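Peer 1: The lines below spell out each chain.
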Amino acid sequence: MAHDIGQGSFVKFSDGPIGSNPGTHYRLADFDWSGIKRADPVDISHILSTANEFLSSPTYDPGEAKLNIQWDPSLDILSSIKSQATNSVVTLVFANGGTARLGYSAFGQVQSIDGIKAARDDIMTGTITIKLSGEVGTTTNW
Amino acid sequence: MPSTTYIDELLRQELAASADIASQVASRIYTVQAPQGSAWPCLVVARNTQGGEAFADMLGNSGLTRATYMVSALSDSLEEVRNLSRAVRTLLQYKQTEGIRLIVVTDEDEQQEDSPGGEQLPLYRTDLTIQVTYTAT
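Chains as they are written, first to last, in this note's numbering: chain B, 44 to 185; chain G, 603 to 739.
Take these hints with a grain of salt, some might be off.
Unchecked claim - List of simulated lysine to aspartate or glutamate pairs, EDC-like, C-alpha gap at most 16 Å:
1) B:174 - B:86
2) B:109 - B:165
3) G:697 - B:107
4) G:697 - B:165
5) B:160 - B:107
6) B:174 - B:157
Source of the hints: derived by calculation from the structure; they are not laboratory data. None of the values given here were measured: they were computed from a predicted structure.
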């Protein structure tokens, strides 16, 4: 495999009205995932240390995903997302060469829908922010 | 399914459905080029093939495309051409239908050409450039 462009990537919810098909429920212009991040390591060096020692966190923060969408009032994504369950599995699916994909899944819930913009001469847009929680798993099943 | 042909037809239908325009050109609304020997005045609708732009999303076409068209009013009478182009502008400017999401008239260019028949009277022509955003899936 090689480096790839983002076309064909999408984000999917495991349940709720928008879970079944992201292509028909919102149009994704692009998305950002902050990625995983461990807490800062703690310096546990002491007077008998022969070199600096650090204790790393065994867990990590799975971050958040920001989805820039093309806002379509007829899809009423606002109502759909308001009713989304806290234990939804959110899968970030990345293009991986042609029709191949690779997904990362974690629990997630929509934190905000903001930046909804209707311009006179352009397609309407908005931003969905999803907070991810728990272990991030790799999946080819979405 | 909507296509380039579909939007061309839709534009012609909109023009033909206008009582004001019909009273001036009857059925003389043509695509790309007016036939030789056409009576005046007439309208010609041509798509600028260089100007198409799809509003894509990460899974493909999001269903909207924007293209540029030129609607030309032609006649051997300056008054007829001006009346006709005014009627077209009034009809199309900021028009919104289910298929045509928005039309914006961006330019108007008055021209004068030698008559194709070689007569003394010149041919008058006003080109309206319109930007059409339409549904195409």
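Peer 1: Does residue 165 of chain B sit within 16 Å of residue 697 of chain G, going by the straight-line distance between their CA atoms?
Peer 2: holds (15 Å)
Peer 1: Given the hinted pair residue 160 of chain B and residue 107 of chain B, is their Cα-Cα distance within 16 Å?
Peer 2: Cα-Cα ~22 Å, so violated.
Peer 1: For the pair supplied as a hint, residue 174 of chain B and residue 86 of chain B, is the alpha-carbon distance within the 16 Å limit?
Peer 2: violated (29 Å)
Peer 1: Under the criterion that the straight-line Cα-Cα distance not exceed 16 Å, is the pair residue 174 of chain B, residue 157 of chain B satisfied?
Peer 2: Distance of about 14 Å is within 16 Å: holds.
Peer 1: Check whether the Cα positions of residue 697 of chain G and residue 107 of chain B lie no farther apart than 16 Å.
Peer 2: Status violated; Cα separation ~41 Å.
Peer 1: Can the restraint linking residue 109 of chain B and residue 165 of chain B be considered satisfied, given a maximum Cα separation of 16 Å?
Peer 2: Distance ~21 Å between residue 109 of chain B and residue 165 of chain B Cα, so the pair is violated.
Of the numbered hints listed earlier, those contradicted by the structure are 1, 2, 3, 5.
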